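Protein chains: 2
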Amino acid sequence: MDKLKGNLLYGQSGGPTSVINSSAYGVIKEALKNKDAIGEIYCMKHGIQGVLKDDLIKVSDLSFEDVELLVNTPGAAFGTIRYKMKEWEEDEKEYKRILEILKKYNIRYFLYNGGNDSMETCREVDEYLKKVGYDCRVIGIPKTIDNDLPVTDHCPGYGSAAKYIANACMEIACDSSAYPKGKVTIAEIMGRHTGWLTAASYVASASSFGPDLIYVPEVPFSIEKFKEDIKKVMTRKDHCLVAVSEGIQDGQGNFIAAASGTKDPFGHTQLGGVCHKLAAIVSDELGYSTRPCELSLLQRSAVHLQSKTDVDEAINVGRYAVRYALAGKTSVMVAMRRANIDAYRIVYFTVPLKDVAAVEKTLPRTMINPDGNYIQPEFLAYVLPLIDGHHKPQFRNGVMRFTTVMKP
Amino acid sequence: MDKLKGNLLYGQSGGPTSVINSSAYGVIKEALKNKDAIGEIYCMKHGIQGVLKDDLIKVSDLSFEDVELLVNTPGAAFGTIRYKMKEWEEDEKEYKRILEILKKYNIRYFLYNGGNDSMETCREVDEYLKKVGYDCRVIGIPKTIDNDLPVTDHCPGYGSAAKYIANACMEIACDSSAYPKGKVTIAEIMGRHTGWLTAASYVASASSFGPDLIYVPEVPFSIEKFKEDIKKVMTRKDHCLVAVSEGIQDGQGNFIAAASGTKDPFGHTQLGGVCHKLAAIVSDELGYSTRPCELSLLQRSAVHLQSKTDVDEAINVGRYAVRYALAGKTSVMVAMRRANIDAYRIVYFTVPLKDVAAVEKTLPRTMINPDGNYIQPEFLAYVLPLIDGHHKPQFRNGVMRFTTVMKP
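In order, the protein sequences belong to chains A and B.
Sequential numbering from 1 applies to the first sequence in this note's numbering.
Sequential numbering from 1 applies to the second sequence in this note's numbering.
Keep in mind that the hints were calculated from the coordinates and are not lab data.
There could be a bad hint or two in this list.
Identical chains blur together in the list; that is why a pair holds if it fits in one copy or across any two.
Cross-link-like lysine-lysine pairs, in silico, PhoX-like; alpha carbons within 20 Å at most [what the hints assert, rightly or not]:
| # | residue 1 | residue 2 |
| --- | --- | --- |
| 1 | Lys181 | Lys84 |
| 2 | Lys237 | Lys53 |
| 3 | Lys53 | Lys86 |
| 4 | Lys308 | Lys392 |
| 5 | Lys181 | Lys354 |
Quantities reported herein were computed from a predicted structural model and do not represent experimental measurements.
Okay, chain A solo, but in the shape it has when bound (with noise of 0.2 Å):
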């Protein structure tokens, strides 16, 4: 087939992880490998709200050092939107917009970086462009680091912040347990709805440095029973390091954290602040002295404490989406699985954009004890391959270099 000859527009939507600029990265240098189909790169400003406003980056506008630099670089180097467009059956304007635009720039490559969310805006986009005959190749880049897209075997963002979280909370166990007196730590993670970051604190307790207690969203939390959980590690020994997501829920699916009430643009309940809530029902109640230890931003934006593989693959379904588009393909997502054999090696493939759009991966029960306070061995044969390899990061001055896209 002939290669469709046009410009590229790449886009980042969602919360940041630490390696979405690697994607960008990587659908940059593929790019630019094909300038016989592809002409100029743009980048969206903080993703389809950069498209609706016409406000974009030239790759070529850019430097040497500020492209390579995006491997480095936490945030969302071009900006980011958490942005919920009507579906375009139902209001067709900000549609009309974007293909006003697309033509404007002559884009015949549209690349979109994001989580499930950012799939459903996707495939709304594909949609739309197909009704109207405009012929435009529409891949979806997987990143979150909630892992939770269905298909692909992992996200990426997710290696890098599972790494974070397991040495974190091997970090954490030490510091808190070099007191005598019994203390009870609540650290706490992210995931609005799934356990995969939380679980990853149990690297460290299998490492013997991590939690006692680790309570994720699959399973109905329930005080009385952490309760009793606490008091029976605190008889055991002298400390106790608990890890929770963020998004622990009730048997009814009211979050435990759910005290503001906030909503965001997609309707999800703002979180935060469960470690504090916790921490206080066991020094109230039980009696113990607490130390609630909220992971927060680092988790998705330690650059200076990346997987390899993680930062590899991230980079590589930046390149694969920019292959698979120029190969003819449209209205996927990049995925990944595990080769099948004893090493771990990953094959990338695609995936309907609607079967992924808005579809949320949880962590399987079997991967949490039948207690529900506790994550089994298998989990590692899964997790411990994306944590691996050390992504060094570069210091000057004792401080980490940034790319300079756009500046905070």
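Chain A is already provided as a structure; the job is to place chain B on it using the hints.
Showing chain B alone in chain A's frame:
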């Protein structure tokens, strides 16, 4: 002078740092080189409590690997404690017990590794031993991320904490500016009475990826002024990153965060949560979206992001403590000063315990801007050498390896 023959006792006290175990390593290695004077090396379990409870660890019982891995292990490998002994003139009981244990194990070298309060303990023990005529060299080894010990140019533990804070703030700056909507992110940094740690966030600002506002305890904090500061930043740019010491106080010496009013054994108010308090003010009174972010325990336990300079110096203060003791010094703390040359080089010396015990060194007012909401460039000359060099963490299967002297 003839070397005093006997055994050595080493203890860790106060809050952990990421390099206190490197000082332990330095002590052990240097002591092992001097077998003509030092027979056995004992380590207190949980500092002075280990003496009172006759609970010591014999270094010759440890594996070679457990000693080597001390340099890579956070927390306090032999256990630490915050325990305030009465002055010996007031109550001799515990001092008698200490003397009994020192005699039992023929301890002639007493090395205590800690901050201001620990140096006070050290000084009291030394005074008592002198009074009863027990020949024992008492040496303090500095350690505190707070960097608030006087006389010494800086304290082991500070460089690594400062490096972590600077880099973490850069990552947080990238992450929190990734979205288009204006958000105020408030990073809470340790530091009860001094702003050395929070000032380290200025290194990130100097790299263009750091806080817009920096508040330290040395300057009285006004909530009204704070709100004006935020408004000014937010009219100029879309985002605002604030770095704030946990210990900021109003003009009357009341902690801004002091809600609970609980106190530690030294009578210090237990802090935490100032970022949540300020975020609520910004959100409720100014209407901006906010993100509180406590850097929490990782500041003092992130061995995965240590300053090589700091690790080397931490080992050295341990080594020098042994050397000074062998040379007949007692009742002193090891201190560091910069050699008066262009390149950074540290000279070790001793300072009488009475000159450092319970004295706090604050951030000079000249290093803070006149407005009291930012740091001056001259701070860089002080801090940059301290965060220099990357102490490479040792990973196996994606996680670090720690000593198992005392497993959590």
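Here is how each hint holds up against the structure:
In this assembly of identical chains, lysine 181 and lysine 84 lie within 20 Å of each other by CA distance solely across copies; the values are 14 Å between and 49 Å within a copy. For the homomeric pair lysine 237 and lysine 53, the shortest alpha-carbon distance between copies (18 Å) is at most 20 Å, but the shortest distance inside one copy (58 Å) is not. Only within a single protomer do lysine 53 and lysine 86 lie at most 20 Å apart by alpha-carbon distance; the minimum there is 17 Å, versus 69 Å between protomers. When the C-alpha separation of lysine 308 and lysine 392 is checked against a cutoff of 20 Å, the pair qualifies both within a copy, at 8 Å, and between copies, at 15 Å.
In this homomeric assembly, lysine 181 and lysine 354 never come within 20 Å of each other (Cα to Cα): the closest approach is 54 Å inside a single copy and 29 Å across copies.
The earlier numbered hint that this structure contradicts is number 5, and it is the only one.
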